[in-house]
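> Sequence:
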Amino acid sequence: MTEEIKLNSSKLGTQEYWNEFYKKELENFQSNSDDTGECWFDDSDAESKMIQFVAEKLEDGELGDATSFLDLGTGNGHLLFKLSQELKDFNKSFTFHGIDYSAESIRFAKDIAEKKFPTTSFKFDQVDLLGNTPLLDNNFDVLLDKGTLDAIALNQNLINGKRGMDIYASQVSKMMKRGSVLLITSCNFTEEELVKVITSGTELRKWDQITYPSFQFGGINGSTVVSIAFIK
Numbered sequence: 001m002t003e004e005i006k007l008n009s010s011k012l013g014t015q016e017y018w019n020e021f022y023k024k025e026l027e028n029f030q031s032n033s034d035d036t037g038e039c040w041f042d043d044s045d046a047e048s049k050m051i052q053f054v055a056e057k058l059e060d061g062e063l064g065d066a067t068s069f070l071d072l073g074t075g076n077g078h079l080l081f082k083l084s085q086e087l088k089d090f091n092k093s094f095t096f097h098g099i100d101y102s103a104e105s106i107r108f109a110k111d112i113a114e115k116k117f118p119t120t121s122f123k124f125d126q127v128d129l130l131g132n133t134p135l136l137d138n139n140f141d142v143l144l145d146k147g148t149l150d151a152i153a154l155n156q157n158l159i160n161g162k163r164g165m166d167i168y169a170s171q172v173s174k175m176m177k178r179g180s181v182l183l184i185t186s187c188n189f190t191e192e193e194l195v196k197v198i199t200s201g202t203e204l205r206k207w208d209q210i211t212y213p214s215f216q217f218g219g220i221n222g223s224t225v226v227s228i229a230f231i232k
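If you read the sequence shown in UniProt numbering, its first letter stands for residue 1, the second for the next number, and so on.
Hints should not be assumed to be uniformly reliable.
Capping the alpha-carbon separation at 30 Å, the derived lysine-lysine pairs in DSSO-like fashion look like this [unchecked claim]:
#, residue 1, residue 2
1, K162, K116
2, K232, K92
3, K196, K174
4, K196, K24
5, K88, K110
6, K116, K82
7, K23, K92
8, K92, K174
9, K23, K82
10, K232, K88
11, K49, K82
12, K232, K116
Computed spacing ranges between beta-carbons, pair by pair [what the hints assert, rightly or not]:
#, residue 1, residue 2, range
13, K196, E114, 39 to 47 Å
14, K115, S214, 37 to 45 Å
15, N132, S33, 36 to 44 Å
Please keep in mind that the hints were generated in silico from the structure rather than gathered at the bench.
We treat Cβ as the ideally placed atom computed from N, Cα and C, and that holds for glycine.
Kindly generate the complete structure, drawing on both the sequences and the hints.
Here it is as structure tokens:
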């Protein structure tokens, strides 16, 4: 269990906040097609590092025959769009699927895909990851999370007696097969906390991680962002 790991509640953990946020971003994009919205963790270059990590693992054969990608909490779809561009020279046919519990997020991502990437196939669906969704019956090779667990952890409301952050890993694991990889980037958890949240009570184990510049405070080394890959 992860009872001792607790974040304070915030509006950033509510569906209402993100619906309003992406509604405004969609309006901005429709007024200016160059404005494709926020790129989360851009100051740490996390998105590029996640994409580079996946590409290198594919090149080295460490991801086997991985071809299907699921973006958990896709937002504006930015991570999937950039990933598809990076992988276009691979001699493989990849599938890119993004989900988000915000209806406005999905509208936004679909609009960008249609206007900016008309020759690449993307699938976007409104899905409550913590609910009883049919998507849990699917298996994906690589699952990506850039800040979604962070947002889930900022909502301390209980779901069937459990917090969302305590349900997350078991729900995600249902969409993975043996050898599937989950790559998570977080700014709210330390490396130790993130490993505990994901591996407690699941078949997921730490596989690898991305290195970021570190700082020292109070004799302890750390970084503002952590990205860890887990394998089932």
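> Confirm or reject each hint.
Hint-by-hint comparison with the structure:
{"no.": "1", "hint": "K162 to K116", "in the structure": "40 Å, violated"}
{"no.": "2", "hint": "K232 to K92", "in the structure": "23 Å, holds"}
{"no.": "3", "hint": "K196 to K174", "in the structure": "18 Å, holds"}
{"no.": "4", "hint": "K196 to K24", "in the structure": "36 Å, violated"}
{"no.": "5", "hint": "K88 to K110", "in the structure": "20 Å, holds"}
{"no.": "6", "hint": "K116 to K82", "in the structure": "12 Å, holds"}
{"no.": "7", "hint": "K23 to K92", "in the structure": "35 Å, violated"}
{"no.": "8", "hint": "K92 to K174", "in the structure": "25 Å, holds"}
{"no.": "9", "hint": "K23 to K82", "in the structure": "22 Å, holds"}
{"no.": "10", "hint": "K232 to K88", "in the structure": "27 Å, holds"}
{"no.": "11", "hint": "K49 to K82", "in the structure": "11 Å, holds"}
{"no.": "12", "hint": "K232 to K116", "in the structure": "34 Å, violated"}
{"no.": "13", "hint": "K196 to E114: 39 to 47 Å", "in the structure": "41 Å, holds"}
{"no.": "14", "hint": "K115 to S214: 37 to 45 Å", "in the structure": "40 Å, holds"}
{"no.": "15", "hint": "N132 to S33: 36 to 44 Å", "in the structure": "37 Å, holds"}
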